[in-house]
Each structure stands twice: as C-alpha cells, then as structure tokens.
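Start from the sequences and build out the full structure, keeping to the hints where you can.
Residue numbers (the numbering used here), protein chains in the order written: chain R, 5 to 284; chain S, 5 to 284; chain E, 5 to 284; chain W, 5 to 284.
Calculated directly from the structure, the hints in this document are not laboratory data. Source: prediction; values computed, not measured. In this text, a Cβ means the ideal position worked out from N, Cα and C, and glycines have one as well. Keep in mind that the hints are not guaranteed to be accurate.
One-sided excerpt, in silico: chain W residues whose CB lies under 8 Å from chain S [unchecked claim]:
hint: 1; residue: 183
hint: 2; residue: 203
hint: 3; residue: 216
hint: 4; residue: 235
hint: 5; residue: 244
Listed next, the stretches of chain R that the computed footprint assigns to chain S, with coverage defined by at least 3 CB atoms under 8 Å from CB atoms of chain S [as the list claims (entries may be wrong)]:
hint: 6; stretch: 189 to 203
hint: 7; stretch: 237 to 244
There are 4 protein chains.
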Amino acid sequence: MGSEKSTPHTLKLRINDVIFGYESRAGRLFDVILICMIVISVTAVLLDSIESVRAVYGEFLFQLELLFTVLFTIEYLLRLYSTSNLRRYVFSFYGIIDLFSILPTYIAFLFPTAQYLIVIRIMRVLRIFRILKLFRYMGEANLLYSALIGARRKILVFLFSVLTLIIIFGALMFIIEGPENGFTSIPESIYWAIVTITTVGYGDISPNTPLGQFVAGLAMICGYAIIAVPTGIIGAELMAEVQQRNRRTRNDRECVSCKAKDHDLDARFCKICGNRIHQA
Amino acid sequence: MGSEKSTPHTLKLRINDVIFGYESRAGRLFDVILICMIVISVTAVLLDSIESVRAVYGEFLFQLELLFTVLFTIEYLLRLYSTSNLRRYVFSFYGIIDLFSILPTYIAFLFPTAQYLIVIRIMRVLRIFRILKLFRYMGEANLLYSALIGARRKILVFLFSVLTLIIIFGALMFIIEGPENGFTSIPESIYWAIVTITTVGYGDISPNTPLGQFVAGLAMICGYAIIAVPTGIIGAELMAEVQQRNRRTRNDRECVSCKAKDHDLDARFCKICGNRIHQA
Amino acid sequence: MGSEKSTPHTLKLRINDVIFGYESRAGRLFDVILICMIVISVTAVLLDSIESVRAVYGEFLFQLELLFTVLFTIEYLLRLYSTSNLRRYVFSFYGIIDLFSILPTYIAFLFPTAQYLIVIRIMRVLRIFRILKLFRYMGEANLLYSALIGARRKILVFLFSVLTLIIIFGALMFIIEGPENGFTSIPESIYWAIVTITTVGYGDISPNTPLGQFVAGLAMICGYAIIAVPTGIIGAELMAEVQQRNRRTRNDRECVSCKAKDHDLDARFCKICGNRIHQA
Amino acid sequence: MGSEKSTPHTLKLRINDVIFGYESRAGRLFDVILICMIVISVTAVLLDSIESVRAVYGEFLFQLELLFTVLFTIEYLLRLYSTSNLRRYVFSFYGIIDLFSILPTYIAFLFPTAQYLIVIRIMRVLRIFRILKLFRYMGEANLLYSALIGARRKILVFLFSVLTLIIIFGALMFIIEGPENGFTSIPESIYWAIVTITTVGYGDISPNTPLGQFVAGLAMICGYAIIAVPTGIIGAELMAEVQQRNRRTRNDRECVSCKAKDHDLDARFCKICGNRIHQA
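The following block contains the structure:
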C-alpha cells in the first residue's frame with residue numbers, strides 16, 4: 005500500500021476521502037446516499053420480477069435500472085481512479101462485487117438478441133450482491149468474522165462429515181425405497197437427505213415403506229443431534245474471544261515505572277519490569 | 005420523575021401503590037386479578053374467532069368483551085391519574101400496550117358500519133398484547149433481556165447477513181427454476197428462501213430441476229450451519245454474564261495487609277500473605 | 005424415612021435390596037430382567053396397534069399383555085410391601101408411573117363392554133411410561149437434570165415469551181389470511197404459528213397472500229433466531245457447572261495443618277488457617 | 005504394535021511408508037491420487053443410478069466400476085501385506101471400510117443371477133463409505149472427536165429421553181387421531197413424532213382434530229426447546245477443552261523463588277514476589 009502510492013494529488017485524495025473514507029462529513033454523506041441507492045435499485049429489480057408490476061411499470065423500472073447502472077459505473081470508475089492501490093482494490097472482495105453489480109446491464113447491450121436479453125435481464129438480479137456493501141459499515145461484524153475464521157477448520161470438518169452422512173443416507177434410501185416411491189436416483193435421494201438432515205422437510209419426497217421410515221427417522225435424529233456441533237464450535241470460539249477481551253479490559257492497572265498494562269488482578273509486581281505496581 | 009411530581013395526595017398514592025406497586029397485599033391481589041381478567045379476555049377473543057362457537061355464544065362473548073373493555077378503560081384512566089410521571093407512563097412500552105388493548109372496541113363504536121365492524125372485531129385480537137404485561141412480574145427476564153441487549157449489535161449483523169443470503173438465494177432460484185416451477189417472482193422466491201433457510205420447509209414451493217435442487221441443498225446447509233451463530237452469540241453473552249457475577253462475588257474481598265483480591269468466599273486468611281482478611 | 009421405619013424383617017429387607025437396590029448381584033439381575041420385560045411389553049403394545057399384526061397374533065399378544073400385567077402387579081405389591089417409606093414411594097414420580105403402567109389392563113376388566121374395551125386397549129399404550137424407569141439407572145442424567153433445574157426459571161420466561169409471540173402471530177395471520185386461506189379460526193392460526201415458529205413446517209396450512217407470506221417470513225426468522233436463547237441458557241448453565249467442578253478438582257492441594265482443600269492455584273497460604281500450604 | 009513387529013524388509017517398509025504414511029513425498033502423492041479415485045468412483049455410482057444416464061453410459065460406468073474395484077483390491081492387499089500389525093488393521097474402523105468398499109462388486113460375480121445382480125449393483129453404493137477415508141487427513145477433527153467422546157454419556161441420556169418422549173407422543177397421537185387421520189399404527193405415529201420433534205415436518209401425516217393439533221403443538225415446543233440440550237452439552241465440552249488448553253499454556257511457567265504459577269505468557273517477572281521467572 006505504501007510502496008506503490010503515487011504522488012499525492014489534492015483532487016484524487018479528496019475523492020478517495022469521500023468514496024473510501026468514513027471520517028469526513030462528505031464521506032459519511034456519500035455512504036448514506038450510496039446505501040439508499042443500492043436499496044432502491046434492489047427493490048426495483050424485485051418489483052420488476054413480478055409479472056403484474058412489469059406489465060404497468062416495466063418501462064419506468066428499465067429507465068431507473070439504466071440510471072442506476074450509469075451512476076454506479078461512474079462510482080466504480082472514481083474508485084479505480086482514486087484508490088491508492090489499484091490491484092488490491094480490483095481483486096478485493098468488494099472490488100469484485102462492485103464490478104459484478106454493474107456488468108449485467110452492459111452485457112444486455114452488447115448482445116441485443118431478444119432471447120439473450122431475457123436471460124440477461126434475469127441476471128441483473130445479481131446486482132443484489134451490492135447490498136453486501138452494507139456490511140462494510142458495521143464494526144461489530146469483525147468479532148463474528150474472526151470467530152468464524154478461528155472456527156473455519158472445525159466447521160469444514162463438520163460440513164464434510166455431514167456431507168458424508170447425507171450421501172450415505174441418500175444411497176441407503178435409494179436402495180430401500182427405490183424409484184417407485186419418488187427416490188428416482190441417488191442424487192435425488194441425496195437431495196431428500198439434505199432436506200431431511202437439515203430438518204427443512206418439504207415433504208415433496210417422503211418415505212412410504214416401514215423400513216424407509218425407520219431409516220428416515222434415524223437420519224432425522226442424526227440431523228437433530230449434530231446441529232449441536234457447529235453451535236458448540238462457534239459458541240466456544242466466541243466465548244473464548246469474549247473472555248480474552250474481558251481479561252484485557254478488566255486489567256486496566258498500569259505499572260508506574262514501565263507503563264505496562266494487562267496485569268492479573270492478583271499481581272503485586274509488574275510482570276515486565278519487576279517493580280511494584282501500587283505503592284500503597 | 006422528581007421535578008414533575010405533584011403534592012402527594014393520600015388517595016392518589018394509595019391507587020398508585022395498588023396499581024403500579026407489588027409490595028403491598030392489595031397491589032399483589034390487584035395484579036393477580038388483572039392477569040386472570042387478561043387471560044379470560046384473550047380466551048374469549050380466541051373462542052369468538054371459531055365459527056361454530058360464535059354462532060351459539062357470539063352475543064355473550066360480545067357482552068363479555070364490552071365489560072372487559074370498560075374495566076380495562078377504568079384501569080387505564082386510574083393509571084393515568086395516579087402515575088407520578090404522566091408522560092413517561094403514556095409513552096412507555098406498557099403504556100402504549102395498555103392503550104392499544106382497549107382502543108379496538110371503541111373504534112368499532114365510532115364507525116358503526118357493518119362492514120367496518122367485522123374488520124374491527126377482528127382487530128380486537130390485538131388485545132392479546134395485554135398478555136405481555138405478564139412479563140413485568142418475572143424477575144429472571146432481566147438477565148435474558150440484558151444478555152439480548154448486550155448481543156443486539158451482533159444479532160443485527162447476523163440478521164442482516166441472513167437477509168442478504170435470503171435475497172441472493174431467492175434471486176438465484178428465480179433465475180434457475182422460474183415461474184413454471186412455482187417461483188413466480190423474486191419476492192415469492194425470497195419467501196421460499198426464508199422458508200428454506202430457517203429450515204421451516206412448508207413444501208408449498210419446492211425446486212423441481214436438478215440445478216434448483218442443488219442450489220436449494222446449498223441454501224439448506226447454509227441455514228443449518230448459520231443457526232449456530234446467534235446461538236453462539238447469546239450463549240457467550242449469557243456465559244460472560246454468569247461468570248462476571250461469579251467473579252464479582254469472589255473479588256469483593258480485599259486483604260488489608262497486601263491488598264490481594266480474588267479470595268474464595270470461605271477464605272479467612274489471605275492466600276498471598278497469610279494474614280487474616282477480616283479482623284472480625 | 006427414619007421415623008416411620010418399622011422393625012427390620014429379614015425378608016422385607018432382602019426384597020427391598022433386590023427390588024430397590026443396585027448394590028447386590030440379585031438387585032442388578034432383577035433390574036436387568038425388569039428392563040427386558042418392559043421393552044418386550046412395550047414392543048408387544050406397538051405391534052398390537054398394527055392392523056395386520058393384530059389380525060394374526062392378536063390373541064397371543066393379548067395373553068402376553070395379561071401375563072406382563074400380572075407380573076408387574078406382583079412387582080408393584082412387593083414394592084409397596086418392602087419400601088421403608090410407603091407414602092414417599094406411592095407419591096414419588098416412579099411410584100405413580102408404576103401404578104399407571106398396570107392400571108389400564110385392569111380397567112378393561114371392570115368395564116367389560118366391547119366398545120369400552122377398545123378404548124381401554126388403546127389406553128394400554130400408557131404402559132410405555134414404564135420405560136421411563138430406565139432413566140433411574142443412568143447417573144450422568146443428574147448433571148443434565150441439575151442444569152435444567154438451575155435454568156428452569158429462564159426457560160419458563162423463554163417459553164412464556166414464545167407463547168405470547170405465537171398467539172400474536174396466530175391472531176395477525178387470522179386477520180390477514182382469513183378462513184378462505186385455511187386459517188379458519190385463531191386457535192387454528194395459533195396451531196399454524198407453532199408449526200412455523202418451531203420451524204416444523206408441515207405445510208398443511210400455509211400463507212397465500214403476499215402480506216401473509218411477509219408476516220409468515222417474519223415469524224420464521226423470529227423462530228429461527230430465538231431458538232438461540234434456550235440453547236444459550238442451557239449451554240451457559242452446563243458450562244458454569246463444568247467450570248465449578250473443574251475449579252474443585254484442579255485444586256486437590258491440601259493444607260498440611262488443617263487439611264482444608266479447594267485452594268486457588270496461586271495460593272501460598274491456607275485460606276482457612278493461614279499456614280503455608282507447601283513448605284518447599 | 006512393537007512386540008508383533010516382524011523383521012524389517014526394505015520393500016515392505018517402503019510400501020508401508022507410501023500407503024500408510026503421510027511424511028514422504030510419495031506417501032502424500034498416493035493419498036491425493038487415492039482421494040481423487042474415491043471421488044470419481046462415488047460420482048460414477050451416483051451417475052449410474054440415474055435412469056437416463058445408465059441408458060447411455062451404463063456399459064462405460066460398469067467398466068469403470070470394475071477397474072476401480074480391481075485397483076482398490078490391489079490397494080487392500082498391499083495394505084494387508086505391508087501393515088505392521090495385521091489384526092489391528094483388519095479390525096480397525098478403516099480396515100472394515102476398506103473391505104466393505106470392494107466386496108459388493110465381487111458378490112455380484114459369485115451369484116450371477118440377473119435378479120440378484122440388480123440388488124448387488126445397488127449395494128455397490130456402500131462404496132461411498134470409502135469417502136470416510138478423507139477424514140483421516142484432517143487433524144482438527146480430533147478436537148471435535150474428543151469433545152464428542154467426552155460428552156457421549158450425556159448425549160446418550162439425551163437421545164434416550166428424546167426417544168421416550170417420541171414413543172409417548174406417538175402413542176398419544178394414535179389414541180387421539182386414530183387410523184382415520186393417517187395415524188394407522190403406533191409405529192407409524194412414532195414416525196410422525198420423530199418427524200415432528202426433530203422439527204423436520206414433512207406434512208405427509210399431520211393432525212386434523214383440535215385435540216390432536218394441541219398435542220402436536222406441545223410436541224413441537226418440546227422438540228424446539230430440547231434441541232438446546234445437546235447444543236449446550238457439546239458447547240460446554242468444547243469450551244472446557246479450549247479453556248483447559250489456554251490454562252495449560254498459561255500455567256506451565258513457575259517462579260523459581262516463590263513457586264507461583266499462572267503467569268501471563270509475556271511475563272518476565274513474577275507477579276507475586278517480583279523476581280525474574282526465567283534467568284535467561
């Protein structure tokens with residue numbers, strides 16, 4: 005970030021402050037307006053997908069869509085211009101989302117075939133990714149994020165073992181129930197197993213034979229019991245983080261000689277310099 | 005509360021004691037009677053909504069409804085009269101519920117058109133908000149409440165990210181499955197996504213294409229895994245509170261000689277310097 | 005228990021040892037046989053309820069049922085005879101279950117009308133309560149039990165607030181969807197709300213109007229989020245108990261002067277007598 | 005393992021290193037290739053179960069199946085040859101899975117009747133057990149595993165009490181709803197109770213009478229509330245393990261002068277006596 009930084013232009017820095025920054029008044033205002041526009045744009049896409057609404061307001065929503073795409077494109081170009089590290093921004097999570105949320109409308113222009121246009125119009129809904137930007141503004145998300153990162157390997161192991169269980173139960177039910185009871189293939193049975201083990205339970209496919217119902221019951225109890233595992237993982241991770249923070253905050257006592265903090269409550273001597281903490 | 009307080013009337017104070025207080029015998033009796041009346045009133049509304057019951061007991065239930073509304077109105081007026089801070093009560097959570105639980109019946113009188121009356125009669129069910137009053141009497145609720153307040157920002161971040169996920173999955177399924185498979189619009193697909201990710205799974209709308217079933221499976225596993233997040237948040241928050249309380253009880257005692265803290269509750273001598281903690 | 009105890013008969017004490025005790029060889033053998041008989045008896049009731057099985061083995065199962073009832077009755081009488089405290093046993097949890105698990109068959113004899121007999125035969129399934137006896141033999145259950153007892157008030161508050169939520173959502177959906185969409189009465193809507201908020205989601209009743217689907221979505225997200233509360237409560241309770249136990253066990257160090265235990269890891273002086281714990 | 009070890013052959017040791025080991029380059033390459041082959045093989049079985057795919061690629065998939073079975077058989081024989089402890093490997097978890105994942109295809113050859121062949125072809129899906137091998141490579145799984153082992157008795161008590169609840173609710177609903185509402189027998193009702201209490205909720209069987217819906221509502225709330233128990237158990241277990249690990253890292257350092265423990269990781273001086281902990 006530091007090495008590739010170009011010579012500071014006043015304009016570029018101001019734009020960077022407004023678009024990327026949160027400290028200045030203008031920066032905060034920009035963010036609020038951006039969020040409002042994202043919400044309006046996503047709402048327009050949602051309304052456009054309703055048959056009866058499109059019949060009446062289709063033209064207006066199309067114009068609105070165009071307007072927002074132009075505005076978001078200008079915003080994207082300004083981001084590209086003002087960022088201190090182009091490569092980092094373009095390939096960052098938000099850089100990719102920023103690009104993907106303006107692309108669909110342009111693709112619809114390059115290939116103006118009617119058939120394609122319909123597909124692309126539907127693709128515009130990917131614009132909703134833009135709403136993910138809202139995340140950026142929430143500080144508290146970091147604690148959750150770091151807890152999930154800390155638990156990512158345990159969660160992967162858990163997800164993998166659930167997948168194994170799902171495949172096994174899916175195959176078993178295909179053998180037991182068979183195509184005549186709606187379990188037409190193992191992939192279809194695996195879909196059923198996911199629906200069952202996650203306790204969603206649509207009921208579009210359900211076992212009919214006694215043995216099938218018995219195995220399905222086992223699958224349900226499995227799914228019901230193992231949900232406890234990721235919950236325990238994340239709970240323990242969050243708890244450990246909260247405790248670590250508490251340990252830090254409750255030890256505000258400062259050593260008078262070396263200014264070291266983070267002493268235990270029963271500490272009488274500084275753990276860093278060995279002097280008494282309180283002269284009392 | 006102190007500044008706006010009028011000169012103390014004996015009657016006003018007594019009513020306040022009975023209606024708002026819990027300490028006196030009369031206050032407790034009033035609360036018990038009030039709870040009984042609320043339960044009876046809500047039950048009457050429930051019964052009135054059953055076609056066959058209303059055909060036979062409709063008139064009686066209407067009279068009962070009127071009687072309770074009159075009684076609750078008198079109670080509300082007494083609360084307004086006896087409260088030490090009118091504005092605070094009226095705009096408090098319970099003040100608003102108290103008002104809303106008597107309003108519907110009166111609105112039915114002001115606009116006596118038959119058509120309106122039916123709508124208003126149904127609105128009377130809002131009276132059930134009154135049952136929320138029961139909460140006031142439960143002390144343990146406070147711990148839960150403060151844990152939820154402490155976790156409110158994390159829960160908001162979580163709810164927001166779940167909503168984003170729901171919108172994305174809804175839009176994806178609209179593209180994949182389309183109106184011919186029941187996903188008539190993106191809002192309808194979002195409804196499906198909520199039903200799926202929360203693992204409710206009515207089955208009124210369910211995917212039919214293999215790709216749709218695959219994406220639906222992903223949505224289910226997502227919903228199944230992320231339920232762990234709020235659970236972990238609240239568990240960690242409650243746990244931290246329980247620990248803090250334990251720690252407080254434990255740390256309140258200080259050794260007079262060496263100022264060491266964190267002694268067990270049954271400790272008579274300082275664990276660090278060996279002197280008596282309490283000279284008693 | 006001590007005061008009402010009759011003079012010790014050798015027979016009575018031996019029976020008590022076998023029936024109530026776990027220490028002797030005979031006592032353990034009795035328990036194992038009892039559990040086997042309970043499982044066989046419950047299985048027989050389950051099989052008897054299947055139409056095709058009853059048609060063939062109905063007579064045999066009826067005889068088996070009679071045999072088990074006689075045996076369990078003898079066992080119950082022996083328990084009454086040998087218990088050291090009759091009143092305590094009869095009104096204990098297991099005393100009541102022991103009685104209820106033999107009563108149904110006898111009631112069928114006293115009122116021998118065919119019509120009644122069928123009702124009573126179905127009532128025999130209450131015998132399954134007997135299986136609850138198995139619980140008695142599991143020690144680990146106590147930790148769970150005490151955690152649930154410790155959390156009982158928080159759980160009650162939680163259950164009550166969920167019930168309030170269910171009633172409110174039920175009434176709201178009755179107003180919004182109405183009888184023409186399957187929400188025939190408020191109790192029926194409350195049933196729907198339970199099905200939805202607990203994320204069971206049968207789909208026998210489901211919202212059809214956009215507003216109904218929106219409110220249903222809110223109910224689902226509520227149900228999905230608040231499941232975290234009891235989990236957090238019980239998790240925190242269990243965690244606190246585990247920690248308390250750890251604190252106790254990891255402090256096995258004993259004071260040489262006064263034999264007091266349960267010292268902190270950093271304690272140098274006995275918290276009870278003030279002497280050094282380790283002379284080292 | 006040590007006592008039964010035969011005299012070391014260079015070839016045998018090398019094979020053992022490649023097949024069982026993870027340290028050498030060849031060993032890691034072997035594992036990666038094995039995992040790829042397992043995934044391809046399972047995918048082939050999944051595709052083969054789809055009617056339309058088998059019609060076109062059935063012959064090719066059959067050949068692939070044969071090839072993989074031969075390869076996996078060679079691998080199994082090499083494992084038998086190179087293992088340092090034959091008995092331990094054959095009866096280990098993975099030894100049994102290794103055998104079961106090649107057996108089905110051979111059984112299809114020994115009994116070449118067409119009818120049997122179909123059954124056996126379906127049995128081949130048991131090969132998916134092979135995917136469980138993937139587990140071996142994940143280190144993080146151990147923490148989860150030991151937490152589950154630590155909580156196994158509590159989980160058993162929980163599962164048993166859930167089963168009791170399921171049988172009781174199943175029997176109750178059979179009495180209340182009866183065969184005319186789809187509750188054809190107690191086993192069928194128990195299947196319904198599992199579907200309901202685990203919050204799966206297919207809706208293939210659902211209560212119709214008001215009393216039945218009331219009892220079903222109770223069952224749902226039960227299921228909704230008790231899911232908190234295993235979650236709490238596993239969360240507490242994981243949390244205790246994380247804490248124990250933290251405590252161990254923290255407590256390993258001892259002050260040489262006063263023997264105080266529990267120093268922070270960055271502490272250079274004893275917090276109790278002020279002397280250097282490490283003379284380094």
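Now for the hints, and whether the structure bears them out:
{"no.": "1", "hint": "183", "in the structure": "24 Å, violated"}
{"no.": "2", "hint": "203", "in the structure": "7 Å, holds"}
{"no.": "3", "hint": "216", "in the structure": "16 Å, violated"}
{"no.": "4", "hint": "235", "in the structure": "6 Å, holds"}
{"no.": "5", "hint": "244", "in the structure": "12 Å, violated"}
{"no.": "6", "hint": "189 to 203", "in the structure": "holds (count 9)"}
{"no.": "7", "hint": "237 to 244", "in the structure": "holds (count 7)"}
The earlier numbered hints that this structure contradicts are 1, 3, 5.
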